[in-house]
Structures are given as structure tokens and as C-alpha cells.
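One letter stands for each residue in the lines below.
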Amino acid sequence: MQHIISVLVENHFGVLARISGLFSARGFNIDSLAVGETHDPSISRMTIVVTGDARVIEQVDKQLNKLIDVIKVTDMTQEDHVEREMMLLKVSHNTKNRSEIIQLVGIFKGRIVDYNTKTLTVEVVGDAEKIQSFIDILRPFGIKEVARTGRIALQRG
Amino acid sequence: MVDKTGAEIIVDALEQEGVDVMFGYPGGCILDLCDTLNLSKKIKFILVRHEQGAAHAADGYARSTGKVGVCLATSGPGATNLVTGIATAYMDSIPMVAMTGQVATTMIGNDAFQEADIVGITRPITKHNYLVKDIKDLPRVFKEAFYIARTGRPGPVLIDIPKDIQRAVLKNYSYPDKVDIRSYKPVYEGHPNQIEKAAKAIEKAKKPLLYCGGGAIAADAGPEILALAEKCEIPVTLTLLGLGSFPADHPLALSMLGMHGTQYANYAMAETDLIIAVGARFDDRVTGKLDEFAPNAKGNIIHIDIDSSSISKSIAVSIPIVGNCKTVLQELIKIVKPLKHPEWAAQIKEWKEKFPIFYRDDHLLRPQYVIEQIYNVTKGDAIIVTEVGQHQMWAAHYFKYDKPRTFLSSGGLGTMGYGLPAAIGAQLGNPGKLVIDVAGDGSIQMNIQELATAVINKLPVKIVILNNAFLGMVRQWQELFYKRSYAFTDLQKNIGAPHKTADFIENRDLYIPDFVKLAEAYNVLGIRVTSKDDVAPALEKAFSSPQTAIVECIVEREENVFPMIPGGASIKQMIGGLA
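Line order of the protein sequences matches chains A and B.
For the first sequence, this note's numbering gives the first residue as 1, with consecutive numbering after it.
For the second sequence, this note's numbering gives the first residue as 1, with consecutive numbering after it.
Possibly wrong hints are sitting among the right ones.
One side only, chain B facing chain A, incomplete, derived with CB under 7 Å [stated by the list, open to error]: (1) Pro-124; (2) His-128; (3) Lys-185; (4) Tyr-188; (5) His-191; (6) Thr-530; (7) Ser-531.
Stretch by stretch, here's where chain B covers chain A in the computed footprint (C-beta under 8 Å, at least three residues) [said to hold, decoys possible]: (8) 8-21; (9) 118-128.
I should point out that these hints are in silico values taken from the structure, not numbers from a laboratory.
Small disclaimer: the values here were computed from a predicted structure and weren't measured.
Ideal placement from N, C-alpha and C gives every residue a C-beta, glycine not left out.
Here chain B stands alone, though its shape is the one from the complex (with noise of 0.2 Å):
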């Protein structure tokens, strides 16, 4: 029991918790906690270069360890740089605390210099946010902003703080060591009743289909999926943030499914009588059509998922089970029949094999190729973070995850300029392993200042740039649904010129910028390939570098993520495929 100031709270609030690293930006209403947390010999901050990167490090930070990022701001732009980065994680489930600075309690609501309402901005981007107006409630908001942001459903907290609270002082101050919220009890135990029935759904069931996603990852419950699914003989299909919660090489795997699905896990989910969804949303990237998804598990899907909300939000689910997906899953196991399905089986196996994922691999330099060349030269044993676009769908696809927290990308809200960020927040995280982000030339630049924070941290992030020069996706787009009409999505200098690769090769003018020659200003290893064989050096070069490093792969411009099935269409209308 000692008197303490509000920023010295703060301090010992996050030492308390376990805070060893959080990311942030100073500006004039946090320099009272900024001061302060500069004396925590338990704390590590990292500097970042611009306040999205903070919230994505943090993010990346949590993804790659399953602890609670942390990260901080100033008052207003500080503040409102946040948000994109909370929405992110807010979106994808990701146990997150942020901190901003706020205006003195008595000019808040009087437009003050760099004041912004942003417990009001971020109210539908936070699983809940809190405006400290009272020196007395801060230990207890910093021990609640913990505990919500880690339990249940993980998500973002904010907290902001007016700079008098950081200076005001309590007396007999006390870390608070138990949570007690009313309206806030989570259920991790799932109902026995339904239990059993979905055991009983799954021994009647001849095609069942186990669908996993970000959930089962939050959860842990990469060893009892596949304890179930080799126990039952259940095929395997992936979410994208489900990557990595069962191994990619195993038999029952499926791979992803969705719009640039596994033509076989979207041929899986056409034709299962028992879909069983664990900590995965139906979201419309998967589900395409609702009336046309899933047409023979209709009224026959399982759902397990921690947020009750999420279940029957797009399909009508026939058993519902609210609860921690290992939990329940291990009750499961204990009472279901050992079950084969030969038949089943042989039918995945027979899609695997008829309709494997696939590229032209020709002489040219095609993404693909470079994403099979970082899974070859690392072995698989690697943190891949992804920015977003057609990269991100390469990198799922082409590099082969078996572990949990491996594979780190925006999928719920697609934030471009998340992947270097967050591979810093991950690096950080996990010291000594590899981590790359597998990025693509526009995504790149919307983060690119990060590229300081981690020289300067002595951070040895890997930076695979797929450059073709275009935002690819969106160019994808256009090239299938707007005849080709590449609207604002070619990023070479506008003078007509020609749209070829090898023009592209030849003429390094034509585009801007130059990675190689940013990596030198950075003074990071930059190296550019443009043919096949440059690349596995090229990536071995990188990797074994104890420096940051870039590397640039000139790659076809007008390549496309295939298969595909266009938004709100069904299987029926994929794209791309394996006739």
C-alpha cells in the first residue's frame, strides 16, 4: 500500500500482467506515462514510426504468442492513427489493450488542441473501451481491460487516459489480484446435452466435414481436432485464419476453402451431410451463396464457438454449442464412436488428387513459385505474416503450415499494410525465428516507415515482395468483372507504357520506387530477382542474413489467384478450376 500517480499505476498495472513488450508513440497528453514507463526495467518499448504500426505489432505480437499486445498513443491523431490497427484486431479476435492519452478531465468536450473522442470512435471496433475520469477506477479498468481482452472471445480494449489522471495521485494503492464483472461471465464449459448430440450427429453422419477456423487456433485446439478427426475419419477444411490448427500435410487435410478456396475443400463443403464448425464464422468469403452453400448439410451443422452471437448469424446451425472449442471438443472425443467413412475418404482423396491447387510452372518467374521457394528453403519452420491481396492467397496456399500461430494475416477486416508491422510485433515475439513477411508491392508501402523501427531494434524481419507493379487483386478483379479496364490499379509511372514484365525488367524507371535502393537508404540487405533460379539464393542469402532484409521478386504482372469463386456466386460459378 503506497501512494502512487496515475502513470506509476499504469506501469505497475502492465508489469503486473506481464507486459514485456508494447509498442507506441509519444506525444504531449501521454508524456506523463511515457516518462514513467521509460524507468520499467521489465518493460521493452518499441518506438514505432507511425501509430498503425504500434497497433499492428501489438497485434502481430499477440497472434505469434497468444499473450495480450500491447500498444499506446497520444491524444487525438495519435489517437485516431489507432484505429485502423484495433479494427484489424478487433475483426480477427485478437487479444489487444490500448492505450491513448486524452485532454486534462476539464477540457475534455471543449474542442482542446489535439483532442478527439475516441472512446466514441472506437466503441464498435472494441470488445470494450474505457474512459478514466477518476483516479480511484484506474487499477481496477487496467485489471478488467486485461481479463476481458484475453477471455471469451479475445478482442481489443482501449483505454484512454486524460494526462491529469496520469498525474493525479492515489493513496494506498493496490494492484488489484481478482476480476468480478456481473455482466461479463464467459462460458468455457459447453452444454453435455449438446454434446451428445452432436455425437450422435456425427456417428449417423456418412460424409462429415470438420470446418475450423481463427477460433481454434484462439483455443488451442489443434490436438484435439485432430484427435477427433483421426478417431472419426473427418476430413479437415481451413478458414484462413484457421491455418496452421491442423498439419497441412496430413492426409484429412482439405486446405483452405472459399472464394480462392481448394477446388476439393469447396467440393468437400458442396458435398458433406455434417458440417461441424469449430470457432469459425460461415463468413461470406466462405460461404459464398447462403442459399447455395452446403446444400446437403442443411439443418445438420455443429457449431462450436466461445461467442454465442456468432452461431445462426448467417446459417441457421441445427446444433449449437457455446464454449471453449478444446474444451468442448475434448468432451466430444471422450463420447463419440471411433467411426471409419472408406467411402468418404476415398472420395477426398480421389478430389486431392484430380484437382490438386496448381500453376502454370513455366520459365517465367511466377509468385507462386517464389512462396514454394520460401517454403522450401525454410523448411516450413517459419512465422509467415502476409499483407493483403493476391500475395496473401499465394502464401496460403503455397506454403504449407502445420503448426498453430505460423501464419499471421488480416483476414477479417483485409488490412493492406498490417504484414511488416506485425512481423516486428511477432519478431519481438518469438526472438531467434525466422519471420517473414510475404508481401506484395502495394501493400508494402502503406507501412513501409516500419522499416526503421525494425533496423533500429536490430530486427531481423524478412521482406518477400511479390512486384508486379499492380494492387493485383483488385486487378484480378477488373481483369474477370470489369473487362479489363484497370482502373487506378497499375503502379507504374503513367505514360502508356507497355504493361509487360519483361519491359518492367529492363526498365527499372518505369516504377517506382526502387526496393533495392530503399533498402539501402534503410540501410537493410535489399536484394532484386527476376528469374527462377535467382530465387531460392536469393531467399537462402535473406534468411541466413542476421540483418533485416528485402527482397524484391520481379514476378508476372498479370497472374491470377485461381481458383475462384466470385463474391455472393456459388461453387457452381468457380473460376479458374480443374475441369
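Only chain A is shown next, with the shape it has when bound in the complex (with noise of 0.2 Å):
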């Protein structure tokens, strides 16, 4: 099962490459990554998306508190949260689909952020499963580029 791992941790240098470094070593996959400093810039915020099973996942969570930079670790996925991920899409398009494709942007509240004669940019918020079926939708178009900012999460209240 994907788990959403929320990982407060000092903003040092080289603390991303302690836990992933961490990840490697101790063979949990990662889905995907995603860092950002928090209000308070002596703080980064990394969410994991971390596929295993309970043992796992705990051992993730204990691994994750024991290296010394982490100051939280979170699973998010055991709590009321909301999570989003955003998704730069480069289609292809012609005179025929171009309508169509426009339409559909429209229908997964995306954004078209950029746009020329051969193709067009599209950015979609959301979270897993809206990202996933709108490529889906849009494969047959021919999708010629995607840039995913990973998964970012936080709990509710």
C-alpha cells in the first residue's frame, strides 16, 4: 500500500541525501519525493510517497526519526489529510483536436501556460488519481513531455 510519509527535518545541506541515501541503503522504494522549506526556514518539509507493507512502513517511520536532522515524521495516510500534486503536461495538437483537448483542460480545471502552433502546456492540480486520469485522457492526443512536482500533503485542522 502507498503511504504518504510527512518528514519535518532541519534545513541543512546535505540532509536530503541522509534520507535517501537512508531509503537506498534499507531498499524502500520511493514513489515519489517532494521538498520545500516551511514558514519557518530553519525547517524543510519532505513528503515521501513509500510503498509497503505495515512492517515496512515502520520501519520507515523509525528509520526516518533515528537519523538525527529529522526533527517529525508523520504518516499522513493515517490521518485526516488533504493532498495535491501539480503536473506540467506538453501535448500535441492540430486543428482537428485542438477544440477537444481545450475542452477537456477545462473539464480537470487545468491551465494552459503555454501555447504554440505544434503544441500546448497544460498545468493540472490535483491529487493522485485526477493527475493519473488526465494523462490517461490525454495519452491518445500524444502527450510529448510531463514534469510532477511529487505529492505534498497536510493534515487536516
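Reassemble the complex: the two chains are provided individually, in unrelated frames, and hints are given to aid placement.
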């Protein structure tokens, strides 16, 4: 099962290497990883999506907590939370399918952020399912490139 | 509040942390620090002959004293040579601070001469590490490093110090007297509810078993283990690193368990209905096949450990207690009722009588006999340090440990070459104490250069080499699991020579090196022993000498460590036990 692990860490150089090194050394798979400073510039939040059974997730939690630079580890999956991911997707278009694509972008509440005669680039924000279905729906039109931020999440309330 | 250079700050920090001895090797990027260290009246600097020796010596000092071991190397190759020693300390949770020189901050990342990213290299083998890029951070980093190394689950901490930071000047320096790391707050007190649950489980159990490891020694929990064992009549088995945490001759003592454990310890583990693990981590050398490990204790395991990540890592634990082994046991002893398990105790006694640890004690010079004689000659009053291999297991079995910090051995990483430098560290930490490195002829050659360190510093460490001209433990595996095909494990000259021990004794030329001649080259006492009768006199001579000494024992070549449970197997597949 996929878990979203939110990790508050000291905002030092080398901390990302410590975390990613821990995952590779222990054989945990990272599905996505998003890092950014919090409102407190001395603290960064890493949101790590990891797949594993309960035993693996327990170890992920404990091993992360063992790192000196880790302040707090939360398994968001166990909590009531909101999650979002942003994607930029570049797709080919032509006179025939252009209006259909623009319509689909509208349905997904996306925004067209770049447009030229051959391709257009869409920004879409949502949870993992929404992002995935947008990719699936646009695939037949010819996706050129995709960039995703990885999931971020916060507890509700 | 005075102005100090980086190097002066480091020396002051080391002195304030109570460092009295450290081990190291100089080089370009650590020269400023060495120059200042040389002026210290409080710190004795031991110049080793290889940086790996410095790390192991710091480790041996730490294991034998409980204090933080300190070592130092220069940048690049000096730093990378420390790596094996740091990894050894990390695997066995030994408190250590390692300092490395680094190229100047302006050069970092430029592939400068003798530059290596040692912080990157040691990230997975240190508890924490630092690259100091600003002299303002230096006092805090040293304060934190020592605190992190010795608290919680101890471990090595590395500090990488660029050359320009050593030379820079900090105005108004003072060494911090407090540490506050918001993300590092070790838990020492066990949760009272968990301790209460543990007490109830112990009261319910019919065949409880204490299983204690290196954590028990780190926490100095020996007296509490003894008290609990006696109050509730619970037998005690130990891991390799736990040896010494419970007196070996106690009626409840089961000695070591696992792959090369005693038959009775492994029988007890197979039969127990409640495991009380104290500072032990269910290592694969202990459990063997996980599915068949301790089948009657499934769902009935108490695990006391300061590191929560050790709990339920490989074995599901029903009552986890995160905390210091000593304090948790103290609370547990207070509330648990006195108990008797006459049937269980009788069963244990019967196993111990019926299946003792044994070897063929005939006219031949067998390695086990040598260890027994070391025990007899020293009457058990010695610090035994080992290398890694067969001799290590024999040293674990045939010498009886009844005090903590008297058996020093690389358990987790299994580092050949650990013994001699670690013995040097132990001797410096315990002046006047008899320190003996029990070695194999393979392992001893991995850090043999440290003989010079011992001699020059007048350290009377004793090295007993069980010479079988084989990499014995690997050879044993080849004998048992690879059809006796001895690929790359025969250390004699490859001339199709006979494998017999007798030929070995008669024809010294077959065997390189001649350790007695080597002893002479280093100006240490060297004695060769080829027969049983000569063992005790040779040991007595070596042990009573004020010199560093080598006793080379030409032992039976193809002796095996038995009993043995092959890797990944269960007790049912035990080899070489008594039926």
C-alpha cells in the first residue's frame, strides 16, 4: 500500500542525501519525493510517497526518526489529510483536436500556460488519481513531456 | 572569552570532553590541528601505522572503558582508511568521534589533491556526521558530536574539518556547556504501562528466557540482569557482544546462542515460551531461519532497547519497551513477583550436563585447548580481544567471561584485523591490565603493522596466534558446504604441499610468515608452540613479560567450530553437536 510520509527536517545541506541514502540503503522504494522550506526557514518539509506493508512502513518511520536531522515524522495516510500534486503536461495539437483538448483541460480545471502552433502546455493540480486520469485521457493526443512535483500533503484541522 | 584558532578550539574541546588519549595519523590537511595537539598536556596522541588501526584502537579503548574513543586522520586516503573502523564501530554501537582533515573550503568539490567526500562516504556508517564550513559552528559541532556519540544508542560521529577552518580565528570563543538538539532527544525511561505488561508476562510464563546483547553492556545492565534472573529464576543466554554481561559460571548461564551457540542455549531458545530481549537485536546469526526461530515464544516476546528501530525489525515483538536497559530493568525488578521455575531449571541443568561445549581433547594441539589454557593461566583476569574467524568463536566459548567489557570483538561487521589495534586501544584505556589479542594467522596479518605502535608506546599487549595456515572459518564453510574445495583459503605456499599439521611443524618454509622471526623484527618477544605441553609455560612467560609478546601456536589445521547451525537454517539442521 502507498503511504504519504511527511517529514520535518533541519534545513541543512546534506539532509536530502541522508534521507534518500537511508531509503536506498534499507531497500525502501520512493514513489515520489517533494522538498521545500516551511514558514520557518530553519525547517524543511519532505513529503515522501512510499509503497510497503505495515512492517516496512513501521521501519521507514523508525529509521527516519533515528536520523539526527529529522524533527518529526507523520504518516499522513493514517490521518485525515489533504493532498495535492501539480503537473505540467505538454501535448501536441492540431486544428482537428485543439478544441477537444481545450475542453478536457476545462473539465479538469487545468490552465494552459504555454501555447504554440504545435504544442500546448497545461498546468493541472489535484490528487494522484486526478493527475493520473488526466494523463490517461490526453495520451491518445500525443503527450510530449510531463513534469510532476510529487505529492504534498497536510493534515486537516 | 578569548580569540582562538580552529585548531585551538578543537584541542580545547577535546580536553573539555575529557579525552586523555587519541589515535591518529597526520597529513597535509590536518597539520594545523596536529601542530596544536602536540602542545596539549592532557591528551596523549598515539601515532599508529595505518589509519584503520587508529579507528580500531579508538574502538577498543571505547569498548573497554565505556568512554568515547577518538581518532584522527588527514583528508582523502587518510579519511577513507578510517572507513572500515568506523563501520565496525557503527555496527556494534560503539561511541566514537572521528576527525578528518579536509581540503580548504574554497577547494571543496574541485577534485583537489587528497580530496574525498568523506561526509558522503560515511553517511550510512555513522550515527551522524558534520562538515564544518564556518568556524562559528566549530564549538557547537564538537559539543554535539560527543553528546550524540555517547548518548542514546551510542555510535561513531565524524567531523570533517577543512584546512582553512583549522587556521581561521574565532573571536570571543567559549566552549558551550549545554547541548540542545531539538530533533534528538533520546528516551531513557521505559513506559510504565509496558513495564507492567512485561512483569505480568513474566509471571505467566512457564519457561522464560533472558536474551542479552551488546546493549546490556553499553547500559551497564549486568547487575540488573543478574537480579532479575535470580529473582524470577530465569536462565540467561547471551549474544557474542553480550558476553560478560552475565557471569559465565552462574547456574542460570547458558552462554552464547545462535549459529555457533551452545547446544543448550539453542535448545532453550527453541523451547522457551517467553523471550526477554535486553539490548539485543535478533541478528541473523542469532535467529537463523526466522520462521522456525523460537516457535513456542511467538507472540510472546518482550524487547527492551534504547533504539526503537531495533524492535520488531526482523521478529515481531509483543511487548516493546523503548528505553535504557538498566533503568527499565530496575523498574521491572521492583514490580515483578519472585518466581520459581523448578521444572524449567531442571531441564536447563540436564541440557547443560548432557550437551556441553566440547572438543576432542587428545594428544594433538587443538586451538580450543590453547584458549582453555589462556583462561587457566590468567584465571579469567584479562581483557580478551579477538580478530574474526574460528579463533573468535573459540575465544567466545573456552574463556569464561564474568565481567562486562572484558571481551572485545567485531560482531556486526565481522572485521578481520580488528584485534591487534583494538587491543592497543584497550591497553591504553586499562594500563596495568593484561590485554590479550586472540588471533588467527589470517586476521593478524591485516593490521600487523600496529606491532610497531605497541612496541614504541611500550604497550605490553599479548598476541596469541592460532596458526593453522588457513583462513579457517571460510575453510570450514568450504569443508561443510563446498565439498572440501579450499578455494583461496590455504595460506601455505601453493606447491601442492600436504595439508597435514605435522608437515607444517617440520617444514617452516612452507609457511609465510614466520611469526617468531616477525616478532624479532619488531623487537617483541616471540615464542612458537607446537605441542600441548608447551602451551601453558609459553603463555606464562609471555603474560608475565613486560614486553609486547607473540605466542604462535601451530594448531591442528582442519579443526572446526562446533556445534554449528548453517546460515539461514534452524536448530533442526545443527551440525557437530552431541546426540
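Now the hints, each set against the structure:
A hinted interface residue such as Pro-124 (chain B) counts as satisfied when its beta carbon comes closer than 7 Å to some beta carbon of chain A; here the least separation is about 5 Å, so the hint holds. Below 7 Å, beta-carbon pairs count as interface contacts, and His-128 (chain B) has one with chain A at about 4 Å; its hint therefore holds. Hint status for Lys-185 (chain B) relative to chain A: violated, with the closest Cβ pair at about 10 Å, above 7 Å. Hint status for Tyr-188 (chain B) relative to chain A: violated, with the closest Cβ pair at about 16 Å, above 7 Å.
Given hint, His-191 (chain B) at the interface with chain A, is violated; its Cβ is 16 Å from that chain's nearest Cβ, farther than 7 Å. Taking 7 Å as the C-beta contact cut-off toward chain A, the hint placing Thr-530 (chain B) at the interface is violated, the least distance being around 47 Å. Among the interface hints, the one on Ser-531 (chain B) is violated; its C-beta lies about 50 Å from the nearest C-beta in chain A, farther than the 7 Å criterion. Here the segment 8-21 of chain A counts 6 residues with a CB under 8 Å from a CB of chain B, which clears the bar of 3, and the coverage holds.
Counting residues of the segment 118-128 of chain A whose beta carbon lies closer than 8 Å to any beta carbon of chain B gives 0, which falls below the threshold of three, so the coverage claim is violated.
Checked against the numbered hints above, the structure breaks hints 3, 4, 5, 6, 7 and 9 and satisfies the rest.
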